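Student: Sequence:
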Amino acid sequence: MSIGQRIVMIGDSITEEGRFEDQEKIGDGYVRLIHDYLQVTEPDRGYQVINKGVGGDRVTDLKSRWQQDVIELQPDTVSISIGINDVWRQLDQPHIEQVFPDQFEAIYQQLIEQVYERTNAHIILMEPTVIEENIQSEGNQRLKDYVDIVRKLARTHQATLVPTHQVFLTYLTSQSTYPLTTDGVHMNPAGNMLMAKTWLETVR
1 MSIGQRIVMI GDSITEEGRF EDQEKIGDGY VRLIHDYLQV TEPDRGYQVI
51 NKGVGGDRVT DLKSRWQQDV IELQPDTVSI SIGINDVWRQ LDQPHIEQVF
101 PDQFEAIYQQ LIEQVYERTN AHIILMEPTV IEENIQSEGN QRLKDYVDIV
151 RKLARTHQAT LVPTHQVFLT YLTSQSTYPL TTDGVHMNPA GNMLMAKTWL
201 ETVR
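Each residue of the sequence shown is one higher than the one before, counting from 1 in full-length UniProt numbering.
Because the hints were derived from the structure by calculation, they are not lab data. Treat the hints with care, as some may be off.
[To be verified] Computed cross-link-like contacts, BS3-like style, restricted to lysine-lysine with a CA-CA straight-line distance of at most 30 Å:
| no. | residue 1 | residue 2 |
| --- | --- | --- |
| 1 | Lys63 | Lys25 |
| 2 | Lys152 | Lys197 |
| 3 | Lys144 | Lys63 |
| 4 | Lys144 | Lys197 |
| 5 | Lys63 | Lys152 |
| 6 | Lys197 | Lys25 |
If you're wondering where the values come from, they're calculated on a predicted model, not measured in any experiment.
Given these sequences and hints, build the entire structure.
Tutor: Structure, rendered in structure tokens:
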């Protein structure tokens, strides 16, 4: 696909990754790597990468800020990375109201439909990555349903699917012992590189 000039990348802390402290408001995570790659490989295209990640967000939080942070910006491309906190909160904050798969899918579908109805943007859906660098962890087992939903929505809406979950699983089954996260969820530089590489290879 051809990437439009104005790219909104929205999600949770994995997307946010220092954007509020960055003068350019891009951060220093995978969004920064994608931004810099596009700038140096196609400087004449005038790409504008807008980071709208907010730490702690679940799909319900995206819904509350969708109009302001996506629709009103009239992007050419919308890249969505969400789902980790929808599962993680079930593990670390089981007392709060949870977002289970049915609600996750219903809200996510609404957000996609709004983009298609109110903008001319193409949509890119990123699979949720991992919860612990252990394929058998409870978080990764619960995450499966959410990954399947993202894959289903990509098929249904003809969106581009970035297989971020799958590439992390593939890496975890390799012989490498080099970590990808700082705490099982948040990316270190290697994790950000794997996300950016997968995004660029899929989208371009």
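Student: Given the hinted pair Lys144 and Lys63, is their Cα-Cα distance within 30 Å?
Tutor: Judged against 30 Å, a Cα distance of about 22 Å means the pair holds.
Student: Does the alpha-carbon distance linking Lys197 and Lys25 stay inside the 30 Å limit?
Tutor: 21 Å, holds
Student: Next pair to validate is Lys63 with Lys152; report whether the Cα-Cα distance is within 30 Å.
Tutor: 19 Å, holds
Student: CA of Lys152 to CA of Lys197, is that 30 Å or under?
Tutor: Distance of about 23 Å is within 30 Å: holds.
Student: Is the hinted pair Lys63 and Lys25 satisfied, with a Cα-Cα distance of at most 30 Å?
Tutor: Holds - the C-alpha atoms of Lys25 and Lys63 are around 22 Å apart, at most 30 Å.
Student: Would the pair Lys144 and Lys197 pass a check requiring their Cα atoms to be no farther apart than 30 Å?
Tutor: 22 Å, holds
Figure legend: structure checked against the earlier numbered hints; every hint is met.
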